[in-house]
Amino acid sequence: MSDTLGMVFIGIGLFFDFVGCLGLVRLPNVYNRLQAATKCVTLGTCSILFGVFLSMGFVAAGIKALLCIVFLVLTAPVSAHAIARGSHRSGIRLTEKSVTDAYAEDDEGEA
Amino acid sequence: MMRFLRWFLGFVVLGGLIALIIARPAPAIFYPDLPHTGFVVRALYILLLAGALCMYRIIFGPTAADRIVAIDIIGILIVGFCAIVSIATNRTWYVDVGIAWALQSFISTLALSKHLEGKGFDE
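Protein chains in written order, with the numbering used here: chain A, 176 to 286; chain B, 6 to 128.
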């Protein structure tokens with residue numbers, strides 16, 4: 176029973192992973208790609224790891240999978256934030272359709 | 006018209022690949038006596054397809070930031086890949102490989118984004 180439930184969670188995670196990578200290919204700009212890919216792939220991989228935990232049960236590898244979920248949730252937003260900050264500082268523009276650029280306004284306010 | 010044609014072509018290619026992965030009988034590359042081995046092998050193929058999309062962005066990305074984003078994403082995908090391999094082969098140390106890969110991917114992404122910002126690695 177918990178084996179089948181784990182496979183269902185792995186299937187949900189695969190769907191999110193694939194849609195995230197599709198967004199990485201299709202979207203027009205660095206920031207859009209970053210948002211789509213990071214959110215979807217983090218959630219999908221966490222779902223895959225939770226499915227692996229459900230299918231293994233409370234053994235050492237299952238607890239390590241839970242630990243890996245915690246680690247991914249802590250580190251993936253930090254790295255995405257660092258990439259966004261670095262690409263904005265290195266002068267990559269937003270698309271023409273974007274309406275506001277709050278980070279540039281903050282920089283002007285500080286300087 | 007050209008845009009619609011490209012959209013339709015990509016839809017047909019990706020949908021055809023996924024239908025091929027799902028409909029084709031899974032080859033027994035791992036131990037076939039474990040339960041759910043067909044599903045697990047198909048899951049590995051779908052993750053490989055997602056990694057191939059990331060490789061497209063790494064190769065043809067217009068700027069360096071696109072390539073760094075794709076490298077970060079492919080590092081997170083490999084963690085899930087290692088977890089699925091660990092239940093496909095019943096060898097539990099693949100989860101440890103996934104944890105170590107997540108750590109290295111995080112550190113390398115931070116270093117690459119620092120470099121993109123135009124600073125040295127020691128700041």
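Just so you know, these hints were derived from the structure itself, not from any lab.
The model shown is predicted, which means the values in this text are computed figures rather than measured ones.
Be aware that one or more of the hints could be misleading.
[To be verified] Okay, the calculated bits of chain A under chain B, using three or more residues with CB under 8 Å as the criterion:
1) 186 to 192
2) 211 to 218
3) 223 to 229
4) 232 to 244
5) 255 to 266
6) 269 to 280
Quick reminder that beta carbons are idealized off the backbone N, C-alpha and C, glycines included.
Exercise. Taking a Cβ-to-Cβ distance below 8 Å as contact, does the segment 223 to 229 of chain A have at least three residues touching chain B?
Worked result: Satisfied; 3 residues make the cut.
Problem set entry | Coverage of the segment 232 to 244 of chain A by chain B (three or more Cβ within 8 Å) | With 7 residues close enough to chain B, the hint holds.
Exercise. Do three or more residues from the segment 211 to 218 of chain A put their C-beta atoms closer than 8 Å to C-beta atoms of chain B?
Worked result: holds (count 4)
For this session: Given that the segment 186 to 192 of chain A was listed as covered by chain B, double-check it with a C-beta distance under 8 Å for 3 or more residues.
Result: Since three or more residues must qualify, the claim that chain B covers the segment 186 to 192 of chain A holds, with 4 doing so at under 8 Å.
Exercise. Within the assertion that chain B covers the segment 255 to 266 of chain A, do at least three residues meet a Cβ-to-Cβ distance smaller than 8 Å?
Worked result: holds (count 8)
For this session: Examine the segment 269 to 280 of chain A: at least three residues should have C-beta closer than 8 Å to a C-beta of chain B.
Result: n = 0 at 8 Å, threshold three: violated.
Violated hints amount to a single one, hint 6; each of the other numbered hints is respected by the structure.
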